[in-house]
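Protein sequence lines correspond, in order, to chains A and B. Using the numbering used here, read the first sequence as starting at 11 and increasing by one per residue. Using the numbering used here, read the second sequence as starting at 6 and increasing by one per residue.
Keep in mind the hints are simulated off the structure, nothing from the lab. Glycine included, C-beta positions come from ideal geometry on N, C-alpha and C. Mixed in with the good hints there might be a few duds.
Just the calculated beta-carbon pair ranges, DEER-fashion [to be verified]:
1) A:Gly-63 with B:His-80: 41 to 47 Å
2) B:Val-85 with A:Gln-39: 21 to 27 Å
3) A:Ser-109 with B:Asp-35: 18 to 24 Å
4) A:Gln-52 with B:Val-85: 25 to 31 Å
5) A:Gly-63 with B:Ser-50: 38 to 44 Å
Selected chain A positions facing chain B (Cβ under 7 Å, derived; list incomplete) [stated by the list, open to error]:
6) Leu-36
7) Gln-39
8) Phe-49
9) Leu-54
10) Arg-107
11) Asp-108
12) Ser-109
13) Thr-112
With a straight-line Cα cutoff of 30 Å, these simulated DSS-like cross-link-like pairs (lysine-lysine) come out [what the hints assert, rightly or not]:
14) B:Lys-46 with B:Lys-61
15) B:Lys-102 with B:Lys-46
16) A:Lys-76 with A:Lys-30
17) B:Lys-61 with A:Lys-74
18) B:Lys-22 with B:Lys-61
19) B:Lys-61 with A:Lys-76
20) B:Lys-73 with B:Lys-46
21) B:Lys-102 with B:Lys-22
22) A:Lys-30 with B:Lys-22
23) B:Lys-102 with A:Lys-51
24) A:Lys-24 with B:Lys-8
25) B:Lys-22 with A:Lys-76
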Amino acid sequence: GAVVSQHPSWVICKSGTSVKIECRSLDFQATTMFWYRQFPKQSLMLMATSNEGSKATYEQGVEKDKFLINHASLTLSTLTVTSAHPEDSSFYICSARDSGGTYNEQFFGPGTRLTVL
Amino acid sequence: ELKVEQNPLFLSMQEGKNYTIYCNYSTTSDRLYWYRQDPGKSLESLFVLLSNGAVKQEGRLMASLDTKARLSTLHITAAVHDLSATYFCAVDLSWGKFQFGAGTQVVVTP
Chain A
11 GAVVSQHPSW VICKSGTSVK IECRSLDFQA TTMFWYRQFP KQSLMLMATS
61 NEGSKATYEQ GVEKDKFLIN HASLTLSTLT VTSAHPEDSS FYICSARDSG
111 GTYNEQFFGP GTRLTVL
Chain B
6 ELKVEQNPLF LSMQEGKNYT IYCNYSTTSD RLYWYRQDPG KSLESLFVLL
56 SNGAVKQEGR LMASLDTKAR LSTLHITAAV HDLSATYFCA VDLSWGKFQF
106 GAGTQVVVTP
């Protein structure tokens with residue numbers, strides 16, 4: 011089956027620093043990737059849609075200058091949390107849609123747990 | 006505003022008994038997905054339902070989709086401890102953009 015990796019799996023950083031999270035589709039090409047955040051015992055909240063070679067589309071209420079997304083290739087999207095603060099601590103999950111798939115199934119990465127001190 | 010409502014949000018199951026989780030949604034969509042999430046983990050795909058009347062079964066789990074009623078159900082037969090997890094339904098809005106339900110936390114006890 012389709013595999014999506016994320017790196018790192020967990021990260022602890024100091025307030026004010028920036029953190030980059032990578033999302034890779036390992037065995038398929040993905041023109042579209044999605045970034046979600048999930049707070050404890052809550053559902054997934056879509057942050058943005060990442061499109062290869064173009065600007066990301068952010069959901070309402072998500073600060074594009076704080077959460078920078080780059081989708082530079084068909085297998086890699088990155089999310090950079092800039093000037094992180096404790097309220098940014100969360101579980102970040104990416105997903106990728108198989109460009110060659112016949113329907114829009116998303117394949118999810120294992121997630122990145124971010125803790126900002 | 007699109008709504009995807011799951012109920013119940015918490016389900017305490019006794020081993021060996023049958024239960025159903027419901028997923029109602031407010032927009033037109035022919036595609037619905039069910040996922041399982043274990044604590045601290047990401048999502049595991051369970052079922053992809055692509056059309057009205059679709060029914061999929063895997064082991065003790067069976068999912069169905071009624072697009073006219075905008076309702077999907079996830080039925081658990083003879084619950085076992087290994088099924089303890091949080092289950093999410095997700096509606097495909099367009100171009101693969103999903104709207105998730107709030108999730109149903111399932112705890113199976115002897």
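Checked hints:
1. For A:Gly-63 paired with B:His-80, a C-beta distance near 43 Å keeps the hint of 41 to 47 Å intact.
2. In this structure the supplied range 21 to 27 Å is violated for B:Val-85 paired with A:Gln-39, their Cβ-Cβ distance being about 38 Å.
3. Look at A:Ser-109 against B:Asp-35: about 20 Å separates their beta carbons, and that is inside 18 to 24 Å.
4. Range check, A:Gln-52 to B:Val-85: Cβ separation about 26 Å, and the 25 to 31 Å hint holds.
5. Separation of A:Gly-63 from B:Ser-50 is about 27 Å and departs from the stated range, judged on CB atoms against 38 to 44 Å.
6. Checking A:Leu-36 against chain B: minimum C-beta separation of about 14 Å lies over 7 Å; hint violated.
7. Restraint check, A:Gln-39 versus chain B: the minimum CB separation of about 14 Å is more than 7 Å; hint violated.
8. Taking 7 Å as the C-beta contact cut-off toward chain B, the hint placing A:Phe-49 at the interface is violated, the least distance being around 12 Å.
9. At a threshold of 7 Å, the smallest CB-CB gap from A:Leu-54 to chain B is about 5 Å, leaving the interface hint in force.
10. About 4 Å separates the beta-carbon of A:Arg-107 from the nearest beta-carbon of chain B, less than 7 Å, and the hint is met.
11. At a threshold of 7 Å, the smallest CB-CB gap from A:Asp-108 to chain B is about 9 Å, leaving the interface hint violated.
12. For the restraint placing A:Ser-109 at the interface with chain B, the shortest Cβ-Cβ distance is roughly 10 Å, beyond the 7 Å limit, so the hint is violated.
13. At its closest, the beta carbon of A:Thr-112 sits 9 Å from a beta carbon of chain B; the interface hint therefore is violated under the 7 Å criterion.
14. Between the alpha carbons of B:Lys-46 and B:Lys-61 the distance comes to roughly 24 Å, so the proposed pair stays at or under 30 Å and holds.
15. For the hint linking B:Lys-102 to B:Lys-46, the alpha-carbon distance of about 21 Å falls within 30 Å, and the restraint holds.
16. Using a Cα cut-off of 30 Å, the hinted pair A:Lys-76 and A:Lys-30 holds, with the two alpha carbons roughly 12 Å apart.
17. Restraint check for B:Lys-61 and A:Lys-74: not satisfied, since their Cα atoms lie roughly 39 Å apart, outside the 30 Å limit.
18. For a cut-off of 30 Å, the pair hint linking B:Lys-22 to B:Lys-61 stands: about 20 Å separates their Cα positions.
19. Proposed proximity of B:Lys-61 and A:Lys-76 is contradicted: the alpha carbons are some 41 Å apart, above 30 Å.
20. At most 30 Å may separate the alpha-carbon atoms for a hinted pair to count; B:Lys-73 and B:Lys-46 exceed this at roughly 33 Å.
21. A C-alpha spacing of about 35 Å is found between B:Lys-102 and B:Lys-22, which places the hinted pair above 30 Å, so the restraint is violated.
22. As the CA atoms of A:Lys-30 and B:Lys-22 are separated by approximately 45 Å, the hinted pair breaks the 30 Å bound.
23. Of the pairs offered as hints, the one joining B:Lys-102 and A:Lys-51 holds, with about 22 Å between alpha carbons and a cut-off of 30 Å not exceeded.
24. Of the pairs offered as hints, the one joining A:Lys-24 and B:Lys-8 is violated, with about 37 Å between alpha carbons and a cut-off of 30 Å exceeded.
25. Distance restraint check for B:Lys-22 and A:Lys-76: the Cα-Cα separation of roughly 48 Å exceeds the 30 Å cut-off, and the hinted pair is therefore not satisfied.
Violated hints, listed in ascending order, are 2, 5, 6, 7, 8, 11, 12, 13, 17, 19, 20, 21, 22, 24 and 25; each of the other numbered hints is respected by the structure.
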